[in-house]
Each structure stands twice: as structure tokens, then as C-alpha cells.
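Novice: Residue numbering for the sequence shown follows full-length UniProt numbering, starting at 1 and increasing by one per position.
Hints are computed from structural coordinates only; laboratory data are not their basis. There may be inaccurate statements among the hints.
To be verified - Listed next, the in silico SDA-like pairs over lysine to any residue satisfying Cα-Cα at most 25 Å (straight line): (1) K41 <-> I124; (2) K113 <-> S42; (3) K113 <-> M19; (4) K90 <-> Q58; (5) K113 <-> S123; (6) K90 <-> D74; (7) K27 <-> S45; (8) K41 <-> E85; (9) K54 <-> D127; (10) K33 <-> N109; (11) K41 <-> K113; (12) K54 <-> N109; (13) K41 <-> S123; (14) K15 <-> V34; (15) K27 <-> K90.
Just so it is clear, the structure is predicted and the values come from calculations on it, not from any experiment.
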Amino acid sequence: MLTKNVMTSADKLVKVSPMASVKDALKLMREHKVRSVIVEKSTTSGAYGLLTFKNILQSIVAEDGDIDLLNVYDIATIPAISVSEDLDVKYAAKMMVTGSIKRLLVIDNNELKGILTMSDIISILIDSVE
């Protein structure tokens, strides 16, 4: 099975500008009940990023960062780790397990197609057993 058949498509994802404040990103995350948001490219040839609760906790709580002064760009993972939409899911799963990665952006031709999460993969495993 290919990544594009399992991923959540880009049109369903919550996105944030890299220049948005971390506080605004947190509000978006709470509003949409998500634990991560896609960081949009800052230029057409730029890279997509990912902002997660872990990034925020590390920067604000563990490192005493100021939530009012930090932008998303300052703490997000940019570029985010990504795969092609035509990659077999088993290889994406192997990347996740060996790299301790919970989410992979799905990107083709430098355009965001979606996101593949561990939950997406577990769902197809459960469906295949039923």
C-alpha cells in the first residue's frame, strides 16, 4: 500500500505561517484539537516544517523561552522529515520506528500532499485484521 492511500490529505491539515507567534500557533492547535501543525514554506523554494507540542514544551518550558517573543520559525522543525506519496507504507513505518518519528510530511515536487502519522498506519493494520 502506498503512502498516498493512507495519509491525511493537505486540505485537511492545520497550517501556520512561520512568522506567526507561538502563542497564536498554540491557539490554533487548541481550536482544531491537534498536537501538531504544518509550518508553511516561507518562500516558493523553501521547506515545509512541523510544529509539535514537543517543540513548544522544549522551547518554552525546558529552555525558559518567552511565548510572547518567539515565532513559529524559531522553534519548529524546518525542514520536516518527509517522504514521497508513492513510497510503500512499510518503508515509511520503518523510518518512523528506527528514527523515533511520529509524523512524516508527504511532499512531491516541493508541494505538500499530506501527512502520514503512526496512527494512520495503525488504523490500516487494525482494518486489515478485522
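Novice: Does each hint fit the structure? Answer for all of them.
Specialist: Structure-based check of each hint:
Pair hint K41 plus I124 does not hold up; C-alpha atoms about 30 Å apart against a cutoff of 25 Å. Restraint check for K113 and S42: the C-alpha separation of about 17 Å stays at or below 25 Å, so the hint holds. Restraint check: the Cα-Cα separation between K113 and M19 comes to about 22 Å, which is no more than 25 Å; the hinted pair holds. About 30 Å separates the Cα atoms of K90 and Q58, which puts this hinted pair outside 25 Å; it is violated.
For the suggested pair K113 and S123, the alpha carbons sit about 19 Å apart, so the restraint of at most 25 Å is met. Taken as a hint, the K90 and D74 pair is broken in the structure, with Cα atoms around 33 Å apart against an allowance of 25 Å. Restraint check for K27 and S45: the C-alpha separation of about 28 Å exceeds 25 Å, so the hint is violated. A distance of roughly 19 Å separates the Cα atoms of K41 and E85; the hinted pair therefore holds under the 25 Å criterion.
Under the criterion of a C-alpha separation no larger than 25 Å, the hint pairing K54 with D127 is inconsistent with the structure, at around 29 Å. Restraint check: the Cα-Cα separation between K33 and N109 comes to about 29 Å, which exceeds 25 Å; the hinted pair is violated. Straight-line distance between C-alpha atoms of K41 and K113 comes to about 13 Å, which keeps the hinted pair within the 25 Å bound. Of the pairs offered as hints, the one joining K54 and N109 is violated, with about 28 Å between alpha carbons and a cut-off of 25 Å exceeded.
At most 25 Å may separate the alpha-carbon atoms for a hinted pair to count; K41 and S123 exceed this at roughly 29 Å. Of the pairs offered as hints, the one joining K15 and V34 holds, with about 11 Å between alpha carbons and a cut-off of 25 Å not exceeded. Pair hint K27 plus K90 does not hold up; C-alpha atoms about 34 Å apart against a cutoff of 25 Å.
In this structure, the hints that do not hold are numbers 1, 4, 6, 7, 9, 10, 12, 13, 15, in rising order.
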